[in-house]
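Undergrad: Generate coordinates for the entire structure from the input sequences, incorporating the hints supplied.
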Amino acid sequence: MKTLIIEDVQKDSELLQLLLTRNHPEAEITGTARGALSGYNLIVEQQPDLVFMDIEIEERGTSFDIIDRLLKEGIPINFEVIFMTAHKQYDYTTRAFEYAAIDYITKPIDKGSLARAIERAKDSRHRKQAAQVLQELVNILKTEHGKSSVLTVPLAHYGLRVLAIEDIKYIKADSVVSHFYLRNGEKVIAFKPLSAYRKLLEADHNFFSVSQSLTVNLDYMEGYHHKQKILKLKDGEMLQASRMYGAKLYTHLRTNNLIRQPSLVEKMRQRLKFML
Amino acid sequence: MRTPEINHILLSLLWLLAFPAAGQRYPVKEYTVHDGLPQMQVFDVYEDSRGYIWATTNLGLARFNGEKFENFGMKDGLFNYNIRHITEDGQHNIWFKYRTRGFGRFDGRTFTNILFGSGDISEMTVYRGNMVFMRNDSLFTIQNDTAQYTGIRQTVSEPNYQLRTEPVSGVLYYNTDRFIYYLDESLQSFVKLDSPDQPGVLRLMNQGGKLFYFNRASEEVFLLEGKTRRKVFGIKNGRAEVYSNPGTNVLFYDEATRHWLYNTRTNTLEVVWMEKGADVVTTFSASAGQRIYFGTEKGLKCVFVNGFRYFPEEEVPYAWGVTEDDRKNIWISSYGYPLQKFNGYKLSTVKGYEKTIKQVLRQKGEKPPFTHNNWYFNPLKDQSGKLWFPDYGGALTVENGRFDYITVSGEGYFFSLAEDPKRKTVIGVGRGGAVLIRNGEMEVLKDTAAMFDKRRHIVSVAVSPSGDYWLGGVGVARYNPDTRRFTHYTQGNGRLPVKNVAVLFFDDQGGLWAGSFREGLLKYNEKTDRFDRVFEKYLQDRPASLITQLSGKYLLTADGRSLLVLDLEAWYKNGQEKVVKVLNQHNGFIGMDPGQESGFKDSKGRIWITSGSVLSVLDPAYLNLEPRLLETFIRGINDQKVPFAYEKDFMPEVQNQVRIKVESVGEDKSTVSEFSYRLPGYVEEWSDWQPDDVLYLNQLPSGNYTIEVRSRHGLDEFHAVTRMQFKVSVPLHRSPVFYKYALAAGGLLLAFLLFLGVNNYLQGRRLRRQQERSADLDRKMKLLQIQTAQSQLNPHFIFNVLQTMQSQILAGDREEAGENVVKLSQLIRSFLNASVLDEEAPLSVSGLEIPLSEEVEMLKTYIEFEKEQKDNFNYEIMVPPNLSDFRVQPLLIQPFVENAIKHGFQDISYRGRLRISFSEEDDEVLVCTVEDNGIGMEAAREIQKNSIKKYKSLGTKVVMKRIAGLNETGYNISAEISVPAGGGTCIKLRMDYKG
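Protein chains in written order, with the numbering used here: chain Y, 2 to 277; chain S, 4 to 998.
For the record, the hints were derived by calculation from the structure and aren't laboratory data. Positions of the beta carbon are idealized from the N, C-alpha and C atoms, including for glycine.
Quick list of simulated restraints, FRET-style, between CB atoms:
#1 16/Y to 770/S: 52 to 58 Å
#2 257/Y to 980/S: 36 to 42 Å
#3 772/S to 188/Y: 40 to 46 Å
#4 207/Y to 742/S: 49 to 55 Å
#5 207/Y to 751/S: 38 to 44 Å
#6 156/Y to 772/S: 44 to 50 Å
TA: Laid out in structure tokens, this is it:
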């Protein structure tokens with residue numbers, strides 16, 4: 002398995018080489034690069050099976066620029082990319098990974114993560130998806146603030162599904178998988194726990210968790226009955242909120258003026274309607 | 004028809020024949036188009052059961068209520084304008100016949116026309132409850148507005164003219180203008196009653212509740228009684244002859260255009276009106292009673308048969324004085340006209356007195372007057388039968404046909420006269436003085452009082468029953484002939500409320516009444532010895548120009564326009580001021596400016612009333628002084644007419660601007676009617692009297708009303724009341740309460756706006772508070788972040804780990820050390836991630852939450868580190884798979900775990916066991932149990948106390964603080980510490996949320 006390492010910090014690169022040589026001899030390191038341009042040339046030249054990429058690299062760019070260029074120039078991507086990042090900050094890049102369902106490892110690299118990444122890279126099915134996944138990633142990174150309008154979810158038996166976020170009505174957690182309920186009534190089972198999406202969607206989109214196992218796209222919300230903790234969707238579906246999240250939702254809706262307390266006028270109008 | 008010439012000759016002849024004997028005439032009031040009549044030719048007159056006078060003309064129908072005409076034409080629903088006979092049915096609807104074509108019926112509101120295509124149609128009458136008429140040769144009845152043949156027909160075909168029912172017996176009469184028939188019901192055929200030789204001479208007429216017919220050929224009037232006839236009057240050569248009294252006043256006209264009035268009380272027949280040179284209308288009938296309306300070619304007339312007669316001005320031009328001689332001849336002195344004598348039939352001029360006056364004056368060496376006949380007031384007949392006629396210069400006396408003239412040189416003491424019968428003295432009053440004449444001797448009375456001023460006149464004199472002489476002029480003077488002293492009553496001394504007195508009159512109770520020139524009637528009060536004004540409200544600013552007694556009960560006075568009959572009895576009884584009747588041109592008294600001081604009562608009890616125009620005679624016996632109730636009627640509401648029977652089953656609907664037209668109907672209307680009304684249930688008080696015949700009721704709220712209207716006439720106290728229901732439905736904006744509603748609505752609006760304002764304000768305040776609260780929350784959260792970090796990044800722990808790694812590196816266990824570096828880095832990353840919020844993530848407490856799986860991972864890492872340092876325990880973490888994704892506040896459990904390891908397992912001689920388990924309680928309440936079998940809290944604390952090492956774990960203290968902070972932001976986290984059965988410590992952390 003031809004493996005390339007694109008890493009600008011020499012020590013880190015050496016550590017990774019050490020770890021790979023010691024624990025994963027099947028990953029044959031055929032080249033290393035320190036910058037975007039050299040990395041690109043290396044990939045084009047070697048046509049590797051696996052590329053470790055640090056995100057921040059030398060020569061005016063990031064490893065994303067390499068991917069972008071490869072995609073633009075139509076160079077086939079038949080390799081698995083393992084992104085590495087030193088800080089697991091919740092920033093736009095990591096969010097982009099999550100949108101695009103891309104795994105990454107953090108530095109300092111621990112053996113377990115590395116082993117899982119190598120394992121995935123060995124699977125040829127993953128490699129086949131690589132181009133698609135990376136294309137998504139680049140798309141997301143190009144959007145402003147990295148707010149993607151699509152979400153790539155891994156399906157239960159490999160394969161990916163790109164979902165338009167606006168189509169998602171709500172997501173239900175079912176231990177390690179999540180059920181996506183879509184506008185058209187379809188249900189997609191993603192092979193990731195709800196927690197993988199919750200924070201992302203709540204931060205970038207109008208999603209809100211109404212219970213530990215239910216995150217709802219509030220764009221679909223028709224109304225919320227706080228006393229009964231029932232959320233009514235525009236298509237008439239009713240969802241049960243939990244006590245705690247219901248209270249949070251209620252606070253959220255009220256602070257953001259997303260829910261209006263029926264004003265006196267409305268109450269009167271309703272009363273009038275009743276009377277008439 | 005006669006030729007016009009003959010007609011004219013005859014007419015003038017008859018005119019001359021008809022009137023001279025009369026002398027005095029019946030008063031006739033005339034109504035023409037000037038008064039509102041639609042047209043001058045009145046064909047028929049009918050007085051209906053309500054008292055309305057209906058007249059038919061060539062321009063439609065007229066209704067007269069005694070004051071005003073209301074006319075009905077084609078716009079009101081008449082088929083055409085040519086209407087003739089008129090009558091009333093049992094339901095009091097008015098029926099009339101069109102000249103051709105059929106009939107019309109009027110219920111007060113709508114006209115219904117019952118028309119026929121062709122045929123010779125007679126006049127209609129009510130027979131056995133139905134309206135009947137002849138069409139060609141058949142008798143028809145009108146039922147439900149359609150004609151039905153009765154099966155009765157006339158065998159000989161003649162032009163149809165009249166059908167009439169004899170009111171007493173109900174026999175139906177049929178007049179073909181040539182024959183009169185009656186209907187014999189048993190034979191079902193008409194029987195001939197009269198058959199003059201020539202056609203067009205017979206006329207049936209209803210009068211005073213009886214049926215008559217006039218035969219023009221024989222000039223005879225017959226009364227029809229049942230199936231028989233009785234001749235009542237005849238006219239021979241223009242003179243009337245009464246054969247028998249029919250028991251009612253009758254007015255009819257002969258073909259010579261004379262209207263004859265038969266007076267049933269005097270049993271006389273007189274011409275009351277004559278058409279002068281005109282073709283007479285072809286039909287005629289009249290109402291009867293104290294006034295009889297009749298139609299002529301020249302309008303509607305009304306003759307009054309109520310005791311008044313008059314001499315026209317051509318005959319008696321300007322009567323100022325009337326007296327009567329012993330032979331019951333009435334002597335009349337008209338100012339500027341020779342003396343006249345009336346013997347009851349004929350007026351004649353008195354002759355020869357002028358010569359006497361000239362002689363007397365010449366004897367006295369005085370200048371004869373410039374003109375003669377300047378007669379003054381109150382001529383009298385003294386006890387000896389001598390007549391006295393005062394004039395400008397003196398008084399003419401007439402005794403046994405001999406004239407004499409009495410005068411006081413240069414003095415005009417004969418303006419008015421009175422006699423003192425006890426002392427056989429005649430008193431004359433006049434310019435600047437008075438004179439007493441007794442047995443031809445004259446005594447002049449003089450005084451210094453104002454009334455004796457030469458420039459003034461003493462204008463009246465009366466002798467009291469006790470024999471005092473009362474003089475009236477500028478003030479009143481009372482002269483006692485025995486003491487020869489005057490007592491004065493003037494405005495100056497306060498005993499007379501007016502300045503001038505024109506009339507003085509003693510009633511038969513001895514009471515003295517005085518009439519002022521323009522300040523009404525006065526009564527002398529003996530107790531206070533002064534004059535008081537009486538009947539003030541009736542005679543305000545009016546003269547009392549005549550005072551005389553009508554009878555024992557009534558006093559007659561005049562206010563310059565009308566005669567007023569005062570209830571003397573009531574006045575003496577309890578001082579009640581009551582006017583019983585007002586008489587003027589509207590009800591028979593046609594004199595203008597009545598009185599002129601004189602109201603002479605003759606030997607027959609008739610009162611002769613002079614005036615500024617004609618001389619009237621009133622026979623009180625004929626004057627009906629019984630108060631008569633006027634009928635009050637509602638004529639219309641807004642622009643709707645109301646049916647006659649509006650009192651029942653009629654409920655017009657109107658808006659709230661209600662105009663109700665009213666009128667009063669009745670015989671005796673001398674002044675304008677006045678009306679007042681009330682709305683029982685709403686307004687119980689009667690309104691003020693108003694002369695306007697439209698009642699305006701504005702601003703009535705919606706609802707059903709009954710209006711009651713009453714009317715009065717001539718100040719009478721008797722009021723007929725009528726009532727009508729109506730319904731008001733008000734459009735909101737015209738509702739009288741609209742302003743209230745509008746105000747209320749405005750108020751509500753204002754309140755609403757105010758509410759909105761307040762609401763807005765409150766909402767703003769709430770928002771501000773929310774912001775404040777969220778700012779507060781921010782602060783709290785930052786604090787929490789710090790607390791989180793602080794609680795975890797225990798430097799001691801880190802140093803311990805670093806120390807461990809150092810020893811591992813030194814021991815050559817580089818790989819192990821490398822792993823530990825990675826673990827430590829992960830732990831630190833977790834701590835940091837848990838405590839530092841992402842800059843871009845929304846700021847919320849729940850933003851800090853992490854999945855339980857991560858928390859557990861962190862715990863594991865931590866415990867592994869601790870085990871690296873001191874491996875004297877085993878641990879297990881139990882997370883049910885469905886909870887792995889549960890979101891929790893990070894690092895809440897770690898301090899308790901740290902406690903268990905650091906303190907619980909500190910000095911144990913056995914292998915410790917740490918057990919961390921998670922479970923879910925009811926609604927998403929996560930319960931975490933940290934259980935150890937260490938030395939227990941108390942022991943740990945004891946050791947801690949005595950330990951020199953003084954390991955200071957900030958952990959639990961800080962975490963409790965943090966829990967308190969979280970609880971402030973909506974969480975409800977509680978930690979419960981217990982000691983399990985086997986010793987050690989059990990911490991139960993319950994993570995709930997306030998919901």
